[in-house]
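Quick note, the sequences are listed as chains A and B, same order.
Per numbering that gives the first Met the number 0, the very first residue in the first sequence carries number 0; after that it's consecutive.
Per numbering that gives the first Met the number 0, the very first residue in the second sequence carries number 0; after that it's consecutive.
Hints may be right or wrong, so weigh each one.
Cβ-Cβ distance ranges computed for the label pairs, FRET-style [said to hold, decoys possible]:
hint, chain 1, residue 1, chain 2, residue 2, range
1, B, Ser-205, A, Lys-16, 50 to 56 Å
2, B, Ile-97, A, Lys-16, 45 to 51 Å
3, A, Lys-26, B, Leu-256, 43 to 49 Å
4, B, Lys-38, A, Ile-22, 43 to 49 Å
5, A, Ile-48, B, Pro-73, 39 to 45 Å
FYI, nobody ran anything at the bench for these hints, they're computed from the structure.
Bear in mind that the values here come from a model prediction, so they are computed numbers and not experimental data.
A virtual CB, placed ideally from N, CA and C, is assigned to each residue, including glycine.
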Amino acid sequence: MKKRLEIGTEAKELDEKPIIERIKIKKYSINKIIVALLFYFLMLFLFSIYL
Amino acid sequence: MELIISIIILAFLFEMVDSTAGMGFGTSLAPILFLFGYKPLQVVPVLLISETITGFIDSFFAHEFKNVHFSFHPFNDSTKITLIIAFFGCFGIFLSIIISYYGIQFPIYFIKLYVAILVLIMGTLSLMKVRLMRIKQYRSQLKMVIAFSVLAGFNKGIGGGGYGPVVTLGQLFSGVYEKSATAIASFAEAVTSLVGFFTFILISISGVEIDLMLLPSIFAGGFIAALFAPYLVRIFPNKIWRYVIPIYASSVGIILLFNLF
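Start from the sequences, fold in the hints, and give me the full structure.
Below is the structure:
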């Protein structure tokens, strides 16, 4: 018997919800985006010094 | 530091497509940069650094936005598949850099022709599979994913490119959900690119000079795309990506063929 894997279950469940639900993201996700943007500007600052 | 607006825009556009469709950043951007007159040692290491950072960012936010679920304690199926794909990719990229460093010549025209035809056929078959079979079941097959990972690693090893397209389309053939397949491909490419960059560092120790002049521009455009692409993947329904990915892959195959003739 072929071994089968479970991948994408959460994505599939989310897809079954209306688009309004998919547009909403949690507050901690927004915080992570802000941290990523800070990392982005920090990297650009470091590039301006070292490159 | 010099920021080049045209390269920032190109990096943003190709990374946006790469993060949403799981392929195309290196395959599309590298030839354009060569056309601009940049040399391989100015382009390849920079693309590897950029793909490492954007790949990790893209897969992190794909997990955050529930396009895929990665687990490390214990490893879940998505993580295992990522590591398998990354392993063969790392082996392939290490081999290709060492081969090119020692000046071993492969018939590059035929290798690129083979990769272009392979990507075109896989893209077309994926599209036909969607149209004809109307897949409802997303229960992927491990052996098939491993087989495509070996094939992608082999492509990378012989220097023909096409790692992303083969890995992503291979997952679709194996039944992986499209949204998750692109995130897994990004994560695997990040690991592979990291190994590739370390291999370049090894080579640079022995005297090969690497130029990172393009890094700020490619990073500036690519990072923002990698940050927001997973959100787009989340919002749009999977049936859109089911068509977009194979159509885009077929286009990449056609462009590769046009570049050869």
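- Message: Going through the numbered hints above, which ones does this structure break? Give me the numbers in ascending order.
- Response: Hint check: nothing fails, all pass.
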